[in-house]
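Enquirer: Please model the complete structure; the sequences and the hints are all you need to start from.
Protein chains: 2
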Amino acid sequence: MPFPEPASASLGPKTIRGSFLDFVDDPFYGSEEDSVRYLADGLMVLEAGKIKAFGPFEALQADYGSLPTTAYPERLIMPGFIDTHIHYPQTGMIAAYGEQLLEWLNQYTFPTEAKFQDQDYAREVADIFLDELLRNGTTTALVFAAVFPQSVDAFFEAADRRHLCMIAGKVMMDRHAPDFICDTAASSYEDSKALIQKWHKKGRLHYAVTPRFAITSTDEQLQLAGQLLQEFPDVYLHTHLCENVDEVAWVKELFPHCQGYLDAYDQAGLVTDRSVFAHGVQLTDGEFQRLSEAQSAIAFCPTSNLFLGSGLFKLEQAKSTEYPVKVGLGTDVGAGTSFSMLQTANEAYKVAQLRHQKLSPFKALFLATLGGARALCLENAIGNFEVGKAADFIVLDPRATPLMAFRNGAAAPTSLQELADRAFSLMMMGDDRAVQATYILGELAYENRP
Amino acid sequence: MPFPEPASASLGPKTIRGSFLDFVDDPFYGSEEDSVRYLADGLMVLEAGKIKAFGPFEALQADYGSLPTTAYPERLIMPGFIDTHIHYPQTGMIAAYGEQLLEWLNQYTFPTEAKFQDQDYAREVADIFLDELLRNGTTTALVFAAVFPQSVDAFFEAADRRHLCMIAGKVMMDRHAPDFICDTAASSYEDSKALIQKWHKKGRLHYAVTPRFAITSTDEQLQLAGQLLQEFPDVYLHTHLCENVDEVAWVKELFPHCQGYLDAYDQAGLVTDRSVFAHGVQLTDGEFQRLSEAQSAIAFCPTSNLFLGSGLFKLEQAKSTEYPVKVGLGTDVGAGTSFSMLQTANEAYKVAQLRHQKLSPFKALFLATLGGARALCLENAIGNFEVGKAADFIVLDPRATPLMAFRNGAAAPTSLQELADRAFSLMMMGDDRAVQATYILGELAYENRP
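So the protein sequences, as listed, match chains A and B.
Once you know that position 346 of the first sequence is 902 in this note's numbering, the rest is easy, because the numbers rise by one and skip nothing.
Once you know that position 147 of the second sequence is 703 in this note's numbering, the rest is easy, because the numbers rise by one and skip nothing.
These aren't lab readings, by the way, just hints derived from the structure by calculation.
Nothing here was measured: the structure is a model prediction, and the numbers come from that model.
Misleading hints may appear alongside valid ones.
Because identical chains share one entry, a pair is satisfied inside a single copy or across any pair of copies.
Claimed, not checked - The list that follows gives simulated cross-link-like pairs (lysine to any residue, SDA-like), each with its CA atoms no further than 20 Å apart:
no.: 1; residue 1: Lys875; residue 2: Leu910
no.: 2; residue 1: Lys870; residue 2: Gly654
no.: 3; residue 1: Lys870; residue 2: Leu910
no.: 4; residue 1: Lys914; residue 2: Asn662
no.: 5; residue 1: Lys914; residue 2: Leu868
no.: 6; residue 1: Lys870; residue 2: Arg911
no.: 7; residue 1: Lys570; residue 2: Glu588
no.: 8; residue 1: Lys914; residue 2: Glu713
no.: 9; residue 1: Lys914; residue 2: Leu658
no.: 10; residue 1: Lys671; residue 2: Ala733
no.: 11; residue 1: Lys749; residue 2: Asp687
no.: 12; residue 1: Lys914; residue 2: Gly654
no.: 13; residue 1: Lys808; residue 2: Asp590
no.: 14; residue 1: Lys608; residue 2: Arg1005
no.: 15; residue 1: Lys606; residue 2: Arg911
no.: 16; residue 1: Lys914; residue 2: Gln656
no.: 17; residue 1: Lys914; residue 2: Gly867
no.: 18; residue 1: Lys671; residue 2: Glu872
no.: 19; residue 1: Lys608; residue 2: Gly842
no.: 20; residue 1: Lys671; residue 2: Ala961
Expert: Structural data, given as structure tokens:
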């Protein structure tokens, strides 16, 4: 599959006209009115892959009206979605039946991931995976590869060809799994180090030190992961935390010298402001507090938490005023059941409802965009339409299916309330079909209607 | 929209060839192996809208091989889905934000349903609704209309034109709702009676006496509903039961002389073997037992129960050996978030997982077909491929999206385990796109690829 460099002509400035929705602040803390930015008729000026200007069409047309433009009437343009937790080797194993976390790993995940020793296979899946992300409007993700370094190479090569902003890392796991999928503490350190030197900050790529979770890493391996964070202070830490009751109990057995699950990571120096922990369903109050102090982030993965029966994440506790924790949304494919961040927001809403909490559409879409960027410390580069940020954005069609077309009118919303209703319909009823186009660095990277 | 009678030529016998999956027994009680019928290469012979013969291609080709045939290679043919609880007037109000049951009714539902006083509008929505059912592979449903008799006329007219087997009724509600949407006990009795006389058993149509729920019906109205069941012993009773904690508490206040929510219906003679109660999330042990004794049915509506935060239905208690209760799946649109029975099965699985129960794909698909037929006392007419039943069936494409195509091979499953995996992928990843064709009485009624 060829990914030619864009023709030089297309690198000149150009504009996108339509209705734009993004966030300039966190609606969990400020008012929604102050957090949401909505331009019913807006213009975005693109140059060299970045946003050069952004504002109401009327205000910008004098300066930029003569540039080549693409108009998207009756659509809603948003920043690309940011998926803060997903496993690319599990693309083909969505819907593996009948187990909760630990059995699911043994029965399905480890055999599937073993196939990624074959770099050709890894390349094939990496391409399918990235196609699927773009089809769903996801432009940045924090990604588990497999234990094999070549699985990371395959992923980063494919992401680099597409000019995507992606974070990934080699899984570190040296116990409690079949030999064919394990490394050693020493080899995981060496392999991760080599991958960091090869890929971290190459183009738009970033590396995440990626121990699978405390159960499959010896204390020695966790300590070496911590050493990597010391040696390379701007790489990420990406792992799982407090997903399932049985998992938490086992971690406590394995780390009797630690005060709890999070502490097993903390004692290895893995709880930092660049650490992203998937799930956190079973977190204690003290652990929420520690994550807040450390400025770590949680990836909330509702479709996965429901699919594996892990439980209901306490979003309102993470987003408390007293101990605020950064939160992004994650699909967690293959335990998650959809690549769509819209469908993920749908089930985030349901998790909140079961807990008698309300997750507003703006809050959910904040988590899927600027909130995700903040969770990944990428808010200076992506996440909203601030001038200077990368032009990674998506065009959503609120009338993508016959049913959505019946529910939603064609006219652009004219009030915050109408916009909220439109946005809510997208997150409850939308899926990949609602993503009409995905742009990467200002270039059309996916379009669902030819 | 014209619905011409099929040309007489097409009424002659013909065949469908492909892989067929249906159920001959209830997999919650017998073994799955004995309940599932799977023909990797099967032939279904259709004549005059019914199944004339059904079996392995090899066995039937001598007798029927010369008939005109339609082949569906690489597909899975199943009985049409049966949705045991849905509100057609709520088609356009899916995704109404932020409330649990009682507030959701006041804020969104009652104003929406008020529009169905206009019969033209009701006709328009009835058409859209039935199109949406067929697009999703649902061939029979138990349907709430609105309080206005003309909303029932509009629905039955549209269903009759399409030759669909449908059950519906006028909502009865004479209190605790705005005047514009209320009837009176006397008018609800008279109007329901006239509708029964007009529509019940006309073609494939059936009538359900439909008090909304105990909160919006006076005891007098419930008694008159019971009188209708006495006068017309083969109509249905369709209502809501024990959905939400606040609702249950209010019913107890309103019916102090009753032992509980179900008893408010029971004392009016509404708990029969033709009664279908939606939800039952909050049922007590005694109420499960009473439903079992009465041979009443429950419509389990997982997307709705999650969307409104009502709670997690105890499916395993309904399907217990000691006090078995008939259960079907319901979408409960518009509190449900999808018309797709596949997506409904997806969330039924998740509800089970949260309760540390396993809902196998065969059990879920049984609920969506033969289980639903039994819940609606229609198992002699629809629900599986028994010879003599109506030829309402659907053609599912296990590779309907790029991701499903990557996960699922093209070859037909060759073992029960492979079939279970294929079926599970359909219920977790499938939606209306997975429904390639829907047949009603042996005629193609919907096709998603021209």
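Enquirer: Which constraints among the numbered hints does this structure fail? Numbers only, ascending.
Expert: Of the numbered hints, 7, 8, 11, 13, 14, 15, 18, 19 do not hold.
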